[in-house]
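Colleague: Given chain R's structure and the hints, the job is docking chain U onto it.
Here is how the chains run, residue by residue.
There are 2 protein chains.
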Amino acid sequence: MRGMRSFFEPKSIAVAGVSADPNKLGSIIFANMVENSEKGILKARVYAINPARDRIGNRPCYPSIRGLPETPELLVVAVPEAQTVAVIREAATSGVKAAVMITGGYAEVGKGDVEKRIGKLAAEHGMRILGPNTIGLVDTWSGVDSLFLRQTKVLPDGSQVVSMLKPLRGEIAIITQSGHLGEAVAEELAANGVGARAIVGTGNQLDVSVEDAISYFADDRHTRVVAVYLEGLRDGRRFMETAAYAARKKPLIVFKVGKTGVGARAALTHTASLVGDYEVYRAAFRQSGVIEAASLQELVDYSVSLLMLPWAGGRRLVIVTNAGGVGAIAADEASKVGLKVEPPSSESRRKLVSAFEGQAFASNASFSNPVDLTASVTTDQFVRAVGLASGLEEYDLALVLPTHHAPGMNHDVAEKLSEVISKTGKPVVSCVIGNSELASRIHKELMAKGIPSFPTPERGARALAAVAEYAEASRMAPRPDVLPKKRVRRFSRKRGPLPPTEVSGLLRSYGIDEPKSIVLRSTKDLGRLKRFRFPAACKLLSGGALHKTDIGGVVINVRSESEAEQILDRFKKLAAGKRIRFEGMLVQEMVHSGVELILGGTLDPTFGPVVILGLGGTYTELLHDFGLAVAPLTPQEARRMLIGERIGRVLGGYRGGPRVNVGRLCKVVSDFSRIMVENQEIEQMEVNPLIATSGCIFSVDARVILGKD
Amino acid sequence: MRGMRSFFEPKSIAVAGVSADPNKLGSIIFANMVENSEKGILKARVYAINPARDRIGNRPCYPSIRGLPETPELLVVAVPEAQTVAVIREAATSGVKAAVMITGGYAEVGKGDVEKRIGKLAAEHGMRILGPNTIGLVDTWSGVDSLFLRQTKVLPDGSQVVSMLKPLRGEIAIITQSGHLGEAVAEELAANGVGARAIVGTGNQLDVSVEDAISYFADDRHTRVVAVYLEGLRDGRRFMETAAYAARKKPLIVFKVGKTGVGARAALTHTASLVGDYEVYRAAFRQSGVIEAASLQELVDYSVSLLMLPWAGGRRLVIVTNAGGVGAIAADEASKVGLKVEPPSSESRRKLVSAFEGQAFASNASFSNPVDLTASVTTDQFVRAVGLASGLEEYDLALVLPTHHAPGMNHDVAEKLSEVISKTGKPVVSCVIGNSELASRIHKELMAKGIPSFPTPERGARALAAVAEYAEASRMAPRPDVLPKKRVRRFSRKRGPLPPTEVSGLLRSYGIDEPKSIVLRSTKDLGRLKRFRFPAACKLLSGGALHKTDIGGVVINVRSESEAEQILDRFKKLAAGKRIRFEGMLVQEMVHSGVELILGGTLDPTFGPVVILGLGGTYTELLHDFGLAVAPLTPQEARRMLIGERIGRVLGGYRGGPRVNVGRLCKVVSDFSRIMVENQEIEQMEVNPLIATSGCIFSVDARVILGKD
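Keeping their order, the protein sequence lines are chains R and U.
Counting from 1, one number per residue, gives the positions in the first sequence under the numbering used here.
Counting from 1, one number per residue, gives the positions in the second sequence under the numbering used here.
Next up, chain R with everything else stripped away, as it sits in the complex (with noise of 0.2 Å):
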């Protein structure tokens, strides 16, 4: 956190760039900063530098940083690309102690090698840098506001319009790495009353990344909920580390772009053909504890919501209404999002019955869940009816929407509403549908009432789902702090395929088992298999024959030492014909009764070693049906992560099929992942399949590729 509060609470700040021209980056920051300042926001002292002006409106202009009254405390660099390698020395050399880079045209059109130039003159001067290529920073706390662009803008008739809605104070913390981005959430957040803790964009993380600002907010007194636009990771490992300490502290969401980029690894196995880029971060973001939302929007609502509502005691969601379509909306999302929308007791819909015995609309309305009041349904009446309704003990959660088109329904629902649903304790969202003046107004006093309250019901069932997981999260076992200590292995080569022998080796050395196997390189070896307990598969062994099935280089069931012999001929035929080392033929034991799955490993170029275990067979690559996780993996951690609803059915003894020893089959995961993590020379490891049975689980088939590309 080395000198990250100089960004955010500094006693002086300079603005190099400042020019005569209004419409400047420059001098439309300092015009902030100025009136900030005039307004009492900004305590601290604010400097314009200019070395071609002595005056920039009724403010003295300096000519360099060394002819300030004082050396700032925060530099905000908006000059040329040329200069800015002599304004970064004088204020490094100076003894500024941070610079906001809003100048780009550096790494991000290839000239990486003057940024890099920058940040080493920075590093050896202890000088802080945010950037380059930013809008730099806001924040509406103390007042520093390095935002460029214009509140207002003019019209043909001379008029002014407003451009932008600045942002209001408050205690969303804003993280991006797409400037306009970080803009438009503060906006959005404005536009519906609330406010924004700061923006941070990170520009081109010469020095101050998106780890840092997280790691800041997180122990930061005014943030409350952080909320993260990201593009990329350069060190998924810290990213991890830094999401888990915010994410036990206060909720921190994160919207990533770039879902549909595609890993350039050489796919070597199933297992790097399987792991695409984003679902690395998706896995890492579940593992840290982060809310992922899944649009910009979503960023938005997910940050409202987890702002205001208290905590989720569970999933189990009453939605409450008196427009029968919405209803039916709001529960087809709610379910879709993993919510739990079920009929309330016989006893509570027998209290909700008889709380309107003889009340004109309570003939036509349906006490189930949904509770549909319909349209004749007065605000009094709704509004009790949200109030028991919310409150039944069978119900963690509530969407609330009131239809004010219906003739009996009044402006006073938002006020009456925000007071039942204060006493419930629960987290309540609300929606309210429509576009005239009056859904507007309701819509505002929800919101100034600390009541979510969402355009459309699907927003609303996924803001409230976003709560009940961050409950979920928070409640999850945190990660192991330290790596195990890595072992030191020695391997009989630096790359390309490992022999089967040392495979095996390796397996065993982390306590995974194979069947009983013998190799056989001639007839003469034929005897070894005097006491071999037929069936048994037959498997070619060649480095270069990967996936031994497509060649035909795998027979199973083989009966008896003859058939076992004949197949040794062919297999010898075979390599010669594809024109491949014959290394022998494994004869293993079969496993009978068993689930085959796949488990597998490989380097991400973000996030390091990570896991995959899906269910086995031809189709695993084709079916993509598998779960990830950054390894290692703690046993506990490896069926949180891993053990999905499908794959679980399975293991849980699916068609007749065994039940598998779970317990068991996470320890085998979490020892293969800790393989990976200790001997990062290999670069993708798999078993395939992993036999898994009611007593033991058994790699039956498995290849390491070491050394990365």
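FYI, nobody ran anything at the bench for these hints, they're computed from the structure.
No false leads were mixed into what you were given.
Just so you know, same-sequence chains aren't split out, so a pair can sit in one copy or run between any two.
Below, in silico cross-link-like pairs of lysine-lysine (DSBU-like), each with a Cα-Cα straight-line distance of 30 Å or less:
1) Lys572 with Lys494
2) Lys153 with Lys423
3) Lys444 with Lys166
4) Lys259 with Lys336
5) Lys444 with Lys153
6) Lys351 with Lys111
7) Lys259 with Lys340
8) Lys667 with Lys516
9) Lys416 with Lys24
Modeller: Just chain U now, kept in the frame of chain R:
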């Protein structure tokens, strides 16, 4: 279409249930009609009916329908439920052509008998009924308006506030099974300056159904797009016919709720457990050329886009932006919804680069896809780039993302964009992100100029995908109008599983082959295996044993007559042990080198016979990955509907597997679909596995369950 016109263009209208209380539904409706009449929008003569009053405001009020100066063509019924039967009787016998029954409290609360009586009365006299339990209809062209929602409400200080935006006149017809949601769609359109042709709420659909309304608007000259909010259908086949008819004339967009409902079928086959209600709806939509919207917002967005935009030549999209992050989000979403976001050819790239040679912004810009012009681009440069990029031959669609916050972007971007976009002749949409007055101005101006504008890049991308989908759907071959002639087949029983020999006969009669097979009942029959070609599969025959594999009733790879004899003995004991009847053992030649598929059929309660095709194997049910379509299917339709990307890859020769004769397979599927249509005594039918080879397609095991529950 009998009588539908009387709802929309009646010569005279009477409202029954107009009262002195202006807040009663009948009073609001009458007031709306009078207002439209006074404004000259409504040409029809309007009458109020209430036996207790002489005048309503300054208008005369009549005691009954017979007491009116003329028999009204259209009657709006807003009297209490208890009076409706009498009113409808009077109307029907007086020659009223059409009645809108606003009043609720019938079938939706279990009083279906009263509703039926009303329906019978109307039908006897040829009077059409819309409702009951509906908002009725709004026709923005003729001025007929039975919407009983007030457009203003009164605040506590006595001031009025707009509580509903009145639908604007336009060309999007809205059909809704929930009155409120039809209004919500029209209001959202109106807020964006887009008009509605009409809103029709079908309510309880005693007479006029969603299909009737679709059919009416298909031929209506004022309608260019039909938007439907759907909760459920009674007659799926009639919907498909009507929808297909309408979709050939104009875009038909449907948003369906009830996605999570689970069918109540007895799952005697995999097929029955695989087919969900909503999935059948989706298949029916695709087969009829319906564009499906996933939310109310999408229903609006797709309607607007399909109304405003020209024909899409394909799915190749170019994105133009001045903010990298927004472009990245758009590219993600576009790829997700099946649009192609590929870089321009090197020639096109050169064209773009040279157009801006030497201009300051161009050195930092990226002329790929997205085209990112950076925040330093000006309006004119941006607009020129949009013209060039969207004009490129390699693109069919363009998504334009101008960030008005950037210093060089001005208010005139909307006007200038619309000029260049109109010249491209391609579908182009724009996104305006932000909540300021300027954002709102640009959005409104784009919409007014016929460029669909959305507040998020995701919504823009999805709207373009819908436009591309509509163009594709329009190119698809029409479904056969008439079902093939129904064959009369005699089965040996009425319900339960059909004996295997009859199943074989049924398949054979439709040209579906089985591998050579022989049935053995005892060891005496073993002689019949003399010329049999081993290996064989041996299967226990027993009517009650449907999932034979699960109980060990299938042995494959049987290599000789003596092995078969042992198995015969074992099956007898197995049947005895499981207390199922031993009906013999089927010995069947094994088909090698084929792809294992499942081909199934079941009777859907709404759509009748449906067919599925999926990959076979143990995990079929678990993976829930198959194609589904409503039968009958031509071979072409079978290919389009049932062979998705994954199964297509397998059929094309996956991982050394055989390349399947897909033409022959589709013929078999088509024949199978005819079995389901021509023998509707069959409730469920399944070929599992269906083995598809490069030559023939074999039914290796089939079962047929007769009799509806």
